Amino acid sequence: MDKQKRNTNYNIYVESKIPKTKAWPSLFKAFLVGGLICAIGQGFYDLYSYFFPNLAESELTSCMLMTIIFITCFLTGLGIYDVIGAWGGAGSVIPITGFSNSISSPAIEFKKEGIIYGICVKMFTIAGPVIVCGVVGSIICGFVGLFN
Amino acid sequence: MFNVWDYVISFLVGGFICFLGQILVIRTKITTARILVLFLVIGMVLEVFNVYAPFREFAKAGAAVPIIGFGASLARGAIMATKEYGVIGIFTGGLTATAGGISMAIFASFIFALIFSSKTKRGGH
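Listed in order, the protein sequences are those of chains A and B. All letters in the first sequence, in the order written, are residues 1 to 148 by the numbering used here. All letters in the second sequence, in the order written, are residues 1 to 125 by the numbering used here.
These are computed hints drawn from the structure, not numbers from a lab. None of the values given here were measured: they were computed from a predicted structure. For every residue, glycine included, the Cβ atom is placed at its ideal position computed from N, Cα and C. Hints are supplied without guarantee of correctness; some may be wrong.
Lysine to any residue pairs mimicking SDA-like chemistry, simulated, CA-CA at most 20 Å apart [unchecked claim]:
hint, chain 1, residue 1, chain 2, residue 2
1, B, K29, A, E15
2, A, K111, B, F55
3, B, K83, A, E15
4, B, K83, B, T96
5, A, K112, A, P129
6, A, K3, A, Y13
7, A, K112, B, F112
8, A, K112, B, I111
9, B, K29, A, K112
10, A, K112, B, F110
11, A, K29, A, K111
12, B, K29, A, V14
13, A, K29, A, K112
The calculated label-pair distances, taken between Cβ atoms and stated as ranges, are [what the hints assert, rightly or not]:
hint, chain 1, residue 1, chain 2, residue 2, range
14, A, N9, B, E57, 50 to 60 Å
15, A, P129, B, E57, 47 to 57 Å
16, B, V8, A, F143, 34 to 44 Å
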């Protein structure tokens with residue numbers, strides 16, 4: 001009983017000592033970073049639709065996504081994307097660049113453990129669940145499409 | 001071809017989606033993997049109920065760049081391939097539609113992991 005009381009008191013104490021994320025500035029930063037990444041994506045989309053006018057819309061989107069994924073991997077390698085991530089919070093996670101960063105960041109981090117067990121295995125620590133859920137979900141969607 | 005409004009709407013919609021994500025992060029301390037999976041599934045659900053296509057039409061890159069767009073193209077690929085090729089399309093459609101993004105992410109990560117070393121562990125030693 002006494003122990004329980006002590007534990008709850010301790011939890012309250014810990015809660016009061018945890019640095020509070022200031023809500024509004026971080027929301028604004030996430031908005032700004034996420035919005036800018038999407039606007040850059042739109043820029044590449046317009047660029048590709050100017051140079052390759054006979055590509056379909058889905059192909060242009062695919063090219064645009066591949067470009068910003070490549071740039072993100074490069075920025076992760078240079079250590080710049082970590083800075084953007086620390087500043088922008090969810091604004092750097094939710095765009096496709098966050099997915100790309102979640103693959104390249106552990107790959108670079110665990111390089112020391114070797115190519116197979118370092119880079120190739122650790123690459124999917126965060127992206128693995130995304131790909132698994134994506135594949136399973138798309139198969140379910142395919143079944144839904146079959147009966148529509 | 002070049003339309004300023006496209007950029008404004010991309011910025012606003014993309015920013016708003018990230019704004020919602022940041023609210024989740026503050027409220028629930030959700031991890032990166034969970035937040036990615038959650039928004040991916042939201043994208044799939046939107047696509048299955050045919051809400052995503054008009055949204056994409058309206059928001060341009062603001063709908064395509066967030067991971068929602070990735071989920072939606074997985075779902076759309078599977079549905080389109082099922083309509084075209086039958087049962088085999090259920091299994092081939094999703095990854096075919098997103099092959100470019102996934103391949104580029106894996107390839108670029110592998111190459112840059114070989115080139116660069118970790119920058120996060122500076123100091124300390």
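Are the Cα atoms of K3 of chain A and Y13 of chain A separated by 20 Å or less? holds, 15 Å
Holds or violated: K29 of chain B with V14 of chain A, Cα cutoff 20 Å? Holds, at about 16 Å.
Is the hinted pair K112 of chain A and F110 of chain B satisfied, with a Cα-Cα distance of at most 20 Å? holds, 13 Å
Next pair to validate is K111 of chain A with F55 of chain B; report whether the Cα-Cα distance is within 20 Å. Measuring from Cα to Cα gives roughly 40 Å; hence the hint is violated.
Given the proposed pairing of K29 of chain A with K111 of chain A, does the C-alpha separation stay at or below 20 Å? violated, 31 Å
Run the distance test for K112 of chain A versus I111 of chain B: straight-line Cα separation, threshold 20 Å. holds, 15 Å
Agreement of K29 of chain A and K112 of chain A with the hint, judged by alpha carbon distance not exceeding 20 Å: violated, 34 Å
For a C-alpha distance cap of 20 Å, please report whether K112 of chain A and F112 of chain B respect it. holds, 14 Å
K112 of chain A and P129 of chain A: Cα distance at most 20 Å? violated, 24 Å
Is the hinted range of 50 to 60 Å satisfied by the C-beta distance from N9 of chain A to E57 of chain B? holds, 56 Å
Please verify whether K29 of chain B and K112 of chain A have alpha carbons no more than 20 Å apart. Roughly 30 Å between the alpha carbons, so the hint for K29 of chain B and K112 of chain A is violated.
Evaluate the given range 34 to 44 Å for the C-beta pair formed by V8 of chain B and F143 of chain A. Because 39 Å falls inside the window, the suggested range holds.
The structure shown violates the earlier hints numbered 2, 3, 5, 9, 11, 13, 15.
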